[in-house]
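Residue numbers (the numbering used here), protein chains in the order written: chain X, 1 to 100; chain S, 1 to 215.
These are computed hints drawn from the structure, not numbers from a lab. Check the hints yourself; a few may be wrong.
Stated by the list, open to error - Which stretches of chain X does chain S cover? Using the computed rule of at least three CB atoms under 8 Å from a CB of chain S, they are:
(1) 39-52
(2) 59-65
(3) 70-79
The beta carbon of each residue, even a glycine, is placed where N, CA and C say it ideally should be.
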Amino acid sequence: MPSLDAYLMLSGTLFAVGLVGVIIRRNMITVLMAIELMLNAVNVNLVAFSHHLSSLDGQIFAIFIITVAAGEAAVGLAIIIQLYRLRSSINVDEATNLNG
Amino acid sequence: MTPALIVFFVIGTVAVASSILVIGMRNPVHSALFLLLTFLCVAVLFVMKAAEFVAAVQVLVYAGGVMVLFLFVVMLINVRHLPDEKVLSRFARGGFLVGAAIFVLFLTVVRPGVYHDPVDNEQALRTTYRYVRRRSDHKLVRRGTVVGNSEAVGMALYREYLVPFEVASVFLLVAMIGAIVIGKRELSAIEEETAPDFILERMETEKEVKEKLSA
């Protein structure tokens, strides 16, 4: 059986990859995908600890995180569509209206 | 090397490799497909940790719902990427640095052998509990019944986590309404001239309904 350490390292790697994706990509859809990757890494962590501690709480938390991720994806993609209508571009670097 | 360990290494390698390809692909459709592969690998990892229900939800919600949503938006927006267009933002170098720093931080926190004392009592993840009054001294005692993981999760959701569960349903309703309101659009003056008749007709009826409702 793979140990808890192996799961934590894997989820840490996935989280780091997602974080790099959020920062370096210009395409807003890919940025949203990288956010989903990070949420998934957290879920791996929670499920691994749930098994380690023999408690169902981690799995319940993972289910709630999946719920929130679904809602976040829906609203985020709606915002992306509206931004594309306004500026005909989904480039993160060009959406700088709130830049002080 | 037990078979479980071999499966873990293969699936974990595929998950990490496809997650790197998600952020590395130029075309968002390819990114979405590699994201799907990552989600399926993570579902397999969930099954290996006795979380069958979470794995099923992962496949249904992520691989089914969220992925279709992503592909729909990619289809709606239809951005043409020129081959010489820049993919990386101007924070790329800092992003790699931050990612490497976080990675090193995680690896130092989670060295092998930091978390010992494994309990690994999988039975507890498949057990539902109920309180019964003992016949001899009339005290409440907790009695566990071994069922399946899905049933145990369902019981926990509808007992200990009932309030968060209902809040989550309200959250989903709010997210759905928000997405509809944000994604909806009004026609501009130029578009109204060039729009086909059926769209204008629909706009007229919408206006009439609004006026009747406000009157």
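Hints and how they fare:
no., hint, in the structure
1, 39-52, "holds (count 8)"
2, 59-65, "holds (count 5)"
3, 70-79, "holds (count 9)"
The structure meets every hint from the earlier list without exception.
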